[in-house]
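Engineer: Sequence:
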Amino acid sequence: MSATPPLTAREAAQLAWLGARMCKRELAGPDVDQADLQRKFDRVLDGARKRAAQNTRTK
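Position in the sequence shown (from 1) plus 15 gives the number in my numbering.
Treat each hint with caution, since some may be false.
Claimed, not checked - Using C-beta positions, here's what the derived DEER-type ranges look like: (1) 65 x 40: 24 to 30 Å; (2) 38 x 61: 20 to 26 Å; (3) 71 x 35: 14 to 20 Å; (4) 18 x 47: 17 to 23 Å; (5) 51 x 23: 35 to 41 Å.
Hints were generated in silico from the structure; no laboratory data involved. Bear in mind the structure is a predicted one, so any value in this text is a computation, not a measurement. For glycine and all other residues, C-beta sits at the position ideal for the given N, C-alpha and C.
I would like the entire structure built from these sequences, with the hints used as guidance.
Structural biologist: Okay, here's the thing in structure tokens:
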């Protein structure tokens, strides 16, 4: 897995919010599915990686 790209304030807030929701679901029990939140988390990170790659190409 590649290193975490630089995050915007919005992306950092989204990841913090999703992380908190994932923790809350974990407290609900081990049988609670978190796949939807994990996909959203990964999508935010993928967007940040894509933006970082575009920024390095334009410089």
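Engineer: Where does the structure disagree with the numbered hints, that is, which hint numbers, in rising order?
Structural biologist: The structure conflicts with hints 3, 4 and 5, although it agrees with all the remaining ones.
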